[in-house]
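S.K.: Sequence:
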Amino acid sequence: MILKVGDVFTYQKTFTEQEILQFGELTGDKGNHHIERDSQGRLMAQGLLTASVGTKIGGDLNYIAREMVSEFIRPVFSGDTIACELTIIKADKKEGFTEVAMKSVYKNQQGKEVLIGKSYGIIRD
Numbered sequence: 001m002i003l004k005v006g007d008v009f010t011y012q013k014t015f016t017e018q019e020i021l022q023f024g025e026l027t028g029d030k031g032n033h034h035i036e037r038d039s040q041g042r043l044m045a046q047g048l049l050t051a052s053v054g055t056k057i058g059g060d061l062n063y064i065a066r067e068m069v070s071e072f073i074r075p076v077f078s079g080d081t082i083a084c085e086l087t088i089i090k091a092d093k094k095e096g097f098t099e100v101a102m103k104s105v106y107k108n109q110q111g112k113e114v115l116i117g118k119s120y121g122i123i124r125d
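For reference, each letter of the sequence shown is one residue, going 1 to 125 in my numbering.
Keep in mind the hints are simulated off the structure, nothing from the lab.
One should not assume that every hint holds.
Pairs of lysine-lysine, PhoX-like flavour, derived with a Cα cap of 25 Å [to be verified]:
#1 Lys-56 with Lys-93
#2 Lys-4 with Lys-107
#3 Lys-13 with Lys-107
#4 Lys-94 with Lys-13
#5 Lys-93 with Lys-30
#6 Lys-103 with Lys-93
#7 Lys-56 with Lys-107
#8 Lys-13 with Lys-103
#9 Lys-118 with Lys-107
#10 Lys-90 with Lys-103
#11 Lys-103 with Lys-118
#12 Lys-4 with Lys-93
#13 Lys-13 with Lys-56
#14 Lys-30 with Lys-4
#15 Lys-4 with Lys-118
#16 Lys-56 with Lys-103
#17 Lys-4 with Lys-56
#18 Lys-118 with Lys-94
#19 Lys-13 with Lys-93
#20 Lys-90 with Lys-4
#21 Lys-112 with Lys-13
#22 Lys-30 with Lys-56
#23 Lys-30 with Lys-13
#24 Lys-90 with Lys-107
#25 Lys-90 with Lys-118
#26 Lys-103 with Lys-4
#27 Lys-94 with Lys-30
#28 Lys-56 with Lys-112
#29 Lys-118 with Lys-93
Label pairs and their in silico Cβ distance ranges [as the list claims (entries may be wrong)]:
#30 Asn-32 with Met-1: 40 to 50 Å
#31 Phe-72 with Ile-35: 12 to 22 Å
#32 Lys-90 with Gly-41: 35 to 45 Å
#33 Thr-10 with Phe-72: 11 to 21 Å
#34 Met-1 with Gly-31: 32 to 42 Å
#35 Gly-28 with Arg-124: 29 to 39 Å
#36 Asp-125 with Gly-41: 48 to 58 Å
#37 Lys-30 with Gly-79: 15 to 25 Å
#38 Asp-92 with Lys-112: 26 to 36 Å
Fair warning: this is a prediction, and the values are worked out from it, not measured in the lab.
We treat Cβ as the ideally placed atom computed from N, Cα and C, and that holds for glycine.
Make the full structure from the sequences, and use the hints.
M.R.: Next up, the structure:
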């Protein structure tokens, strides 16, 4: 795949209670806010679980990240659907690989931003 500046990729996912609890088991991130329900009966998703929506796109592109920076704006809960829009902001072809930089915006089902981020890395030929 040949990437160019301005290319946009999207993916969305709805988080379940089971996924939040499983992520806690895998990572050890079992803070009370991830295992105890809030006043509306929801579990709060781990920030890195939320960020994993974007890693799905990276995997599809065979992207190898060198740096990822995330700003978590508001919490995500079980039952929330999170859409990630990832935009290529740099794509420099080199011998054997392409240097890539991207920005991402994650929004919940109400269209509110929950996370913004930037990343750079490579895609091998």
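S.K.: Would you mind marking each hint as holding or not holding in the structure?
M.R.: How the hints compare with the structure:
{"no.": "1", "hint": "Lys-56 with Lys-93", "result": "23 Å, holds"}
{"no.": "2", "hint": "Lys-4 with Lys-107", "result": "24 Å, holds"}
{"no.": "3", "hint": "Lys-13 with Lys-107", "result": "11 Å, holds"}
{"no.": "4", "hint": "Lys-94 with Lys-13", "result": "33 Å, violated"}
{"no.": "5", "hint": "Lys-93 with Lys-30", "result": "42 Å, violated"}
{"no.": "6", "hint": "Lys-103 with Lys-93", "result": "19 Å, holds"}
{"no.": "7", "hint": "Lys-56 with Lys-107", "result": "16 Å, holds"}
{"no.": "8", "hint": "Lys-13 with Lys-103", "result": "19 Å, holds"}
{"no.": "9", "hint": "Lys-118 with Lys-107", "result": "15 Å, holds"}
{"no.": "10", "hint": "Lys-90 with Lys-103", "result": "10 Å, holds"}
{"no.": "11", "hint": "Lys-103 with Lys-118", "result": "4 Å, holds"}
{"no.": "12", "hint": "Lys-4 with Lys-93", "result": "10 Å, holds"}
{"no.": "13", "hint": "Lys-13 with Lys-56", "result": "10 Å, holds"}
{"no.": "14", "hint": "Lys-30 with Lys-4", "result": "40 Å, violated"}
{"no.": "15", "hint": "Lys-4 with Lys-118", "result": "16 Å, holds"}
{"no.": "16", "hint": "Lys-56 with Lys-103", "result": "14 Å, holds"}
{"no.": "17", "hint": "Lys-4 with Lys-56", "result": "19 Å, holds"}
{"no.": "18", "hint": "Lys-118 with Lys-94", "result": "21 Å, holds"}
{"no.": "19", "hint": "Lys-13 with Lys-93", "result": "31 Å, violated"}
{"no.": "20", "hint": "Lys-90 with Lys-4", "result": "7 Å, holds"}
{"no.": "21", "hint": "Lys-112 with Lys-13", "result": "15 Å, holds"}
{"no.": "22", "hint": "Lys-30 with Lys-56", "result": "23 Å, holds"}
{"no.": "23", "hint": "Lys-30 with Lys-13", "result": "21 Å, holds"}
{"no.": "24", "hint": "Lys-90 with Lys-107", "result": "23 Å, holds"}
{"no.": "25", "hint": "Lys-90 with Lys-118", "result": "11 Å, holds"}
{"no.": "26", "hint": "Lys-103 with Lys-4", "result": "13 Å, holds"}
{"no.": "27", "hint": "Lys-94 with Lys-30", "result": "42 Å, violated"}
{"no.": "28", "hint": "Lys-56 with Lys-112", "result": "21 Å, holds"}
{"no.": "29", "hint": "Lys-118 with Lys-93", "result": "19 Å, holds"}
{"no.": "30", "hint": "Asn-32 with Met-1: 40 to 50 Å", "result": "43 Å, holds"}
{"no.": "31", "hint": "Phe-72 with Ile-35: 12 to 22 Å", "result": "19 Å, holds"}
{"no.": "32", "hint": "Lys-90 with Gly-41: 35 to 45 Å", "result": "43 Å, holds"}
{"no.": "33", "hint": "Thr-10 with Phe-72: 11 to 21 Å", "result": "20 Å, holds"}
{"no.": "34", "hint": "Met-1 with Gly-31: 32 to 42 Å", "result": "38 Å, holds"}
{"no.": "35", "hint": "Gly-28 with Arg-124: 29 to 39 Å", "result": "32 Å, holds"}
{"no.": "36", "hint": "Asp-125 with Gly-41: 48 to 58 Å", "result": "49 Å, holds"}
{"no.": "37", "hint": "Lys-30 with Gly-79: 15 to 25 Å", "result": "20 Å, holds"}
{"no.": "38", "hint": "Asp-92 with Lys-112: 26 to 36 Å", "result": "34 Å, holds"}
Hint compliance for this structure: hints 4, 5, 14, 19 and 27 are broken, all remaining hints hold.
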